[in-house]
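Number of protein chains: 2
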Amino acid sequence: MAETIPHWLTKQADLSPNHIAIELDSGDAMTFRELKEYSQMLAKKLANLNIEKGTHVGILSSNSIIMLATIHALSYLGAVGVLLNVRLTEEEMNYQVKDAEVNVLLTADNFREFAEQLDVPTIFSFSDMEKLQPRETKLQTELHLDDHFTIIYTSGTTGFPKGVIHTYGNHLWSAVGSALNLGIHPNDKWLIPLPLFHVSGLSTSMKSVIYGMPIYLLEKFDEEIVHHAIMEKGITIASVVTVMVQRLMKQLGNGQYPEAFRCMLLGGGPAPRPLLEAAKDKNIPVFQSYGMTETSSQIVTLSPSYALEKIGSAGKSLFSAQLKISGQTDAQVGEIMVKGPMVTKGYYKNDEANQRSFQDGWLKTGDLGYLDDEGFLYVVDRRKDLIISGGENIYPSEIESVLTGMEQIKEVGVAGKQDDTWGQVPVAFVVKNEEVTEEEILTYAGERLARYKLPKEVRFVDSLPRNASNKLVRNKLM
Amino acid sequence: MAETIPHWLTKQADLSPNHIAIELDSGDAMTFRELKEYSQMLAKKLANLNIEKGTHVGILSSNSIIMLATIHALSYLGAVGVLLNVRLTEEEMNYQVKDAEVNVLLTADNFREFAEQLDVPTIFSFSDMEKLQPRETKLQTELHLDDHFTIIYTSGTTGFPKGVIHTYGNHLWSAVGSALNLGIHPNDKWLIPLPLFHVSGLSTSMKSVIYGMPIYLLEKFDEEIVHHAIMEKGITIASVVTVMVQRLMKQLGNGQYPEAFRCMLLGGGPAPRPLLEAAKDKNIPVFQSYGMTETSSQIVTLSPSYALEKIGSAGKSLFSAQLKISGQTDAQVGEIMVKGPMVTKGYYKNDEANQRSFQDGWLKTGDLGYLDDEGFLYVVDRRKDLIISGGENIYPSEIESVLTGMEQIKEVGVAGKQDDTWGQVPVAFVVKNEEVTEEEILTYAGERLARYKLPKEVRFVDSLPRNASNKLVRNKLM
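Going down the list, the protein sequences come from chains Z and R. Quick note: the first sequence, position 317, residue 440 per this note's numbering, numbers continuous. Quick note: the second sequence, position 71, residue 194 per this note's numbering, numbers continuous.
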């Protein structure tokens, strides 16, 4: 039986009315009571747009208080928020709003002009939304855990993006799983430098409401601001991706983070071992994790007690989750499969993707990995990024991990290039820290990698292609 | 949709294999891996007794490692543990084993002789169970949250005891609710001086498995042992009832508990205000709470931030729970009603009680209370203990609370006596600390209570009737 809980924001506003719910770098802040009242007021305004239970409402915004309050407002109406990535092209966005059957689009003022080109019948900027008169409406007092809360699109391994449905239960279980792993401390304050239209940012902002914990919300990642926040603003946990760790370590220099900063939660793909070792040397509490939109953020995390011993591992699946490697035993690489109440029940109106992705209640992640003899997960790559060269499997992340160890290299991405002889061969795309030649790089790699894994080519570039949450997008390297 | 999680003990044994799961005062301890292996071994032995999914198995024991491992063993087989109160008479116990359709009874060796008089086809002592040969059996690897885990009997307001079904989900949600209130700290160790056959002890031992937290399990409450454990054994949380707090405060004298001791979780009925004030003076972190077998332990708790300001209140309902006073508004006393995923789905095969006790998904608790203007619950009494005298409602706990303030009084219980004039009148049953007369007591009460609330009689007794979890049983006072 699906369970019912009180509306989480109403509940937290009752339990911790005067606690800070959200804090911005500007100094602006809002308590749980204020956030509730603001969100409920917006809900009553939105009721004028005939938004009701089950209506799909697009949200186009970078991080802001009004964006978060709008997401909560939709939950008070039982409407479903379709969170759109602000970096999408018009064509990509039109695909998503059509696929998700979006009737109303709410947009930050600065995206309004762009939004008006989209095929959505009703478009309101946040400013115009605020000007609406509130209408007396029965707001949801409870949340049914199986009800749909949000839809976020994810690019599949093939074909068009798929709309991942998140229920209230998915978010709640994600929050519970994380709490049982990281603990809940009274002074916790979680920094979000990632967009709310990605699951990492969204799920953390729901953890805020579930734990009664403040979030420190940034409009976007900026290493100086994040560094300052960790040093001065009482941050205890921060969600980051690999490239952010690199930049933050540079910012930190020979300094030390405050003791209260207890977790740098690292997602967004396998991290290079040299980076993790450097972080360890600086006493930075990096927790590797593994998750995706479909798992409502992290589902596998390396717990504090193993952070050093199992460096390079993403850890074990959270308390309520399960993990296995498809068809494999004994530390062989295979497809990672996960199961648990934080895993999406499916893609929106996409039977074909649902049939392909789920098997006996398990999600086939499309990622490759193996378990060591103690059951710790090592993610080796996205399956779609795998390079097959002369019948050998080559994992780009392995080559990247090695090359990142070169002082002269700032960032590196590896992708496969078609090759008449081998099928595919690896090519390294390098962002330099200082002068270095292709020959030096290949010599360095040659001492550390099997011959068939050596890049056949090194291309020097100014930056690597990254998505809105700063994850390396390997299929855009070539 | 009911969710599925990995078997919690197997999971915790994987996440924290070498962490202590259970610690006894004798110094004996067991890690999560050991507890899992022991429980799985017992499960394989019990498979020989044809215990399988859905079998109802009685357990008759005071607290011990083997009792807890047997409860886990049953969960590996999908069997349902019926936890019997060792203080019951033969007749009472026969009622419960028959009502719960118990086919097999597992008993601690010291209760074997008693158990053999019961109407159960198969009876095994723990020693005999350990001598069984293990049989290869498919153990449960997952728990379905709607599946039945245990049955515990509770005396109703009228008639025969009712078997409260606890699902795995009830326990999990109870643990989550408590965690979101009290937090989860890495050094937590929870002391259980209450029987595992009561929901308080049982639910805490499941929190152990869910949080990966050691419990410190006592066979029974002993103030010297508990005091010593809090002072010396790193206890951070202890579950207690009122009378235990009184005895522990005496033991503490002018001392102070260690700072690590962060929560004395007080259940089992409204606590007298003088006791709470005395505890406050000694810096004892007493958290009042409210719960019952049907709510899988506490469902309302006074959170740390309000512990002093709202002394006497049981607090607010836990994150996933809801609370209301039946048909009342504005601080009027009425029946307390609760709702949430930790609340039992019903009594075993008892349609009549289920119809009487549930209303639109809410449990009618049979307890009386009111909410203050900020929504904090004040429990005034069990409805069945209410004394109606000349049309006035008299709450025994109010009189008890006042009289406990007299230095000469150690403990006091109040119950109603039939009276031809008034219907009922209150009678006070007093255990003395030092010499005191009925007249002195009535003078003291007369200065603090309305005339109609004054006890019409004071009876001096050596002790008060308490149940196995040390709660005052008012209907046995007369």
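The reader is advised that the hints may include incorrect statements.
One copy or two, it doesn't matter: identical chains are merged, so the pair holds either way.
To be verified - Calculated cross-link-like contacts (lysine-lysine; reagent style DSS-like; alpha-carbon spacing at most 27 Å): (1) K555 to K403; (2) K599 to K555; (3) K261 to K447; (4) K487 to K261; (5) K254 to K468; (6) K176 to K447; (7) K599 to K405; (8) K594 to K343.
Read the hints as simulated data drawn from the structure, not as lab findings. Treat the numbers as computed from the prediction; the structure is a model and nothing was measured.
Hints and how they fare:
1. Taking the closest pair of Cα atoms, K555 and K403 come within 27 Å of each other only inside a single copy of the chain (23 Å); across copies the shortest separation is 63 Å, beyond that limit.
2. Taking the closest pair of Cα atoms, K599 and K555 come within 27 Å of each other only inside a single copy of the chain (19 Å); across copies the shortest separation is 83 Å, beyond that limit.
3. Taking the shortest alpha-carbon separations for K261 and K447, only the inter-copy value of 19 Å comes in at or below 27 Å, while the best intra-copy value is 44 Å.
4. Within a single copy, K487 and K261 get their C-alpha atoms only as close as 40 Å, which misses the 27 Å cut-off; across copies the closest is 25 Å, which meets it.
5. Taking identical chains as interchangeable, the C-alpha atoms of K254 and K468 are never at most 27 Å apart, the minima being 37 Å within one chain and 46 Å between chains.
6. Taking the shortest alpha-carbon separations for K176 and K447, only the inter-copy value of 25 Å comes in at or below 27 Å, while the best intra-copy value is 37 Å.
7. Taking the shortest alpha-carbon separations for K599 and K405, neither the intra-copy value of 33 Å nor the inter-copy value of 65 Å comes in at or below 27 Å.
8. Within a single copy, K594 and K343 get their C-alpha atoms as close as 14 Å, which meets the 27 Å cut-off; across copies the closest is 56 Å, which misses it.
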